[in-house]
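From first to last, the protein sequence lines stand for chains Z and S. 32 is the number that the working numbering gives to position 32 of the first sequence; each next residue is one higher, with no gaps. 64 is the number that the working numbering gives to position 64 of the second sequence; each next residue is one higher, with no gaps.
It cannot be assumed that every hint is accurate.
[Unchecked claim] Now the in silico label distances, taken between C-beta atoms and shown as ranges:
#1 S/Lys66 with Z/Asn331: 21 to 27 Å
#2 Z/Asn354 with S/Asp251: 37 to 43 Å
#3 S/Asp245 with Z/Asp336: 29 to 35 Å
#4 S/Glu242 with Z/Lys108: 34 to 40 Å
#5 S/Ser313 with Z/Lys304: 42 to 48 Å
#6 Z/Lys304 with S/Lys67: 56 to 62 Å
Please keep in mind that the hints were generated in silico from the structure rather than gathered at the bench. Every residue gets a Cβ at the ideal spot worked out from N, C-alpha and C, and that includes glycine.
Protein chains: 2
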Amino acid sequence: MNYKTENIKKLIVSKPLLLDCKQTIKDFPLAYETFGKLNESRDNAILVFHALTGDQFVSGKNPITKKEGWWITAVGPGKAIDTDKYFVICANVIGGCMGSWGPKEIDKKTNESYGLNFPVITIRDMVKAQETLLDYLGIKKLLCVTGGSMGGMQSLEFCATFPNKTFSAVPIACSTNHSAQNIALNELARQAIMADPAWENGNYLKKNILPKSGLAVARMAGHISYLSEKGLQEKFGRKLQEKADYEFSFDADFQVESYLRHQGYTFVERFDANSYLYITRAMDYFDLSKQFKGGLLEAFGNQKTKFLVISFSSDWLYPTKENKDIVIALNASGADVSFSEIKTDTGHDSFLINEPEFLKTIKGFIDSMYIKFKNEKRI
Amino acid sequence: MNYKTENIKKLIVSKPLLLDCKQTIKDFPLAYETFGKLNESRDNAILVFHALTGDQFVSGKNPITKKEGWWITAVGPGKAIDTDKYFVICANVIGGCMGSWGPKEIDKKTNESYGLNFPVITIRDMVKAQETLLDYLGIKKLLCVTGGSMGGMQSLEFCATFPNKTFSAVPIACSTNHSAQNIALNELARQAIMADPAWENGNYLKKNILPKSGLAVARMAGHISYLSEKGLQEKFGRKLQEKADYEFSFDADFQVESYLRHQGYTFVERFDANSYLYITRAMDYFDLSKQFKGGLLEAFGNQKTKFLVISFSSDWLYPTKENKDIVIALNASGADVSFSEIKTDTGHDSFLINEPEFLKTIKGFIDSMYIKFKNEKRI
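Chain Z extracted, bound-state conformation (with noise of 0.2 Å):
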């Protein structure tokens, strides 16, 4: 990636943190971003978690990429998640790389780039670094807490973590956790990196090269994954790259070629690689039955928050029938939960485009659950 993030919004983490390897650190910096205002009364506040390459620049536009925030589609003023009405929090994860704590940080004892030298990070030391926001910006218990795919994940691990600190939680196309197809294609993904050779075992920016054809190759077999095979086909079929007919050579003859290479030569440009390798394993090692060890009833047992699951019909990476297991251990722990299935064709990635009924029912759903929140403040 090319780019500073010496001049991000950060909090020095100075509550010494366990993390899950066992390493304890403290004075770490967590990057976050905030949209709206906090009430009077600090229960309008929504914390959203972001996904494999998402930031802390969930709305408004990105200083960084000057492009617009990942999820403008649902966050912003009159949005489905209005902050115009609530106060939204976003951080960015440890092990990142757009200013937390990451493997491209400085580590102070070397003067250099952690690399693998970074300890290897969970969605349970994520999310503990994250709910240390609460106390940083006065919130007691938090509205809702939201994500997508791995920002579902947190929002599992929080509320099976921090069982009284969010009202709500929308966990969205994800999994409590992953399938061994899942753990193929992220694995599939460290191999790309780590077998270029600009990699250098994890010390490119020690030596100042990057090692881009493997992250842009791993990104595009992100890129796969995230779309359904009927949405490629509707937006890309067999067309052809702006020819007559085949070319018979290996330059992008199909429309699909060219958008996978554009797709993995960009990011590039804004992601670390080291944080691909530990971001996806940190989602690989997600599992919430094992951590729990009596399993998904242990993880939402005596559970008060309220929720609301939703996957979408065309998701293969996170299927419908991996997000209705959440509803069942839900259900079966007592706890309130409804859910929803949203039919499109868009696949994984519905999540952040503007899928009306989508953001209809998340809109829905927390409106509803500021009420009910305040309500219950009242008794």
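Given the structure of chain Z, go ahead and fit chain S onto it with the hints provided.
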């Protein structure tokens, strides 16, 4: 790859062959193998077409890899395609790397491997090259052509291009053209190979190196697509690799990671990276409807060949829907066609494994075709 193909059985094709890219070739090697005996009436010959990474060693022992032939489950004495009864022929496709004319062969003009000077070939080119074996072996009409995946595409192409040269055809787990997702997956593999600096713009053999990492990553991507989500889950799930818990490292913690790495890095011993580029390109270019400008009705017009189309329920690379589209087109052309979807969790690779219902289906069809073929000749 680490093997020599000089002593493999080859036909030197002297008849000039006009390739789809407009180049004419002649005196090129076509490596092939036969199993069983051609009978006196010369009506028991079956031409098997191999898939992307296959070769001519369909049964028995592969003299190069020392492993069993790639379709040993289906072809051999007493097997579904019984070599005690039938004469089975299989050739390495041009563009391949098991002795047929391909990018690793020596270009007589330069005395070096072709590399990217090899022309981009098509499925039709492959099939036309293999058709020359019929004359050479003294066969007027085949009993059957068959193959899975790219072998199925070649079967369809053979019937379309040579409508009177086979009595029957069994295309398995294929389609008449690649979907955008198929092309995307192949492009991912090509990008992985071309991202490897050791690929050297296709000139690695001249420089005595091999793009092993890139080819291994390409193969891993392929492998994920050959297996179904459910199949992977049942085989591997989240099982750990000979360890009690996560190691918090990037070693292969999960069995599925170890499996993928093994598949990738053993593959490079037996396959040529440039062949992988050329053959995937041929698959992506394959489009029977485009080739026969009038569409599939033209492609299959006046077919006397009797077809059996087979799909596998859990194949997401060539889903049943795409196989059914072949059946619809054949029906619309008035061709004699039957169809069978085999229920299985083993994904696209099902045609390569011991799947009793599948094997029974092809045995029944081919045995009945043999009787009909003899009867027809008698009339």
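Q) So which of those numbered hints doesn't the model satisfy? A) 1
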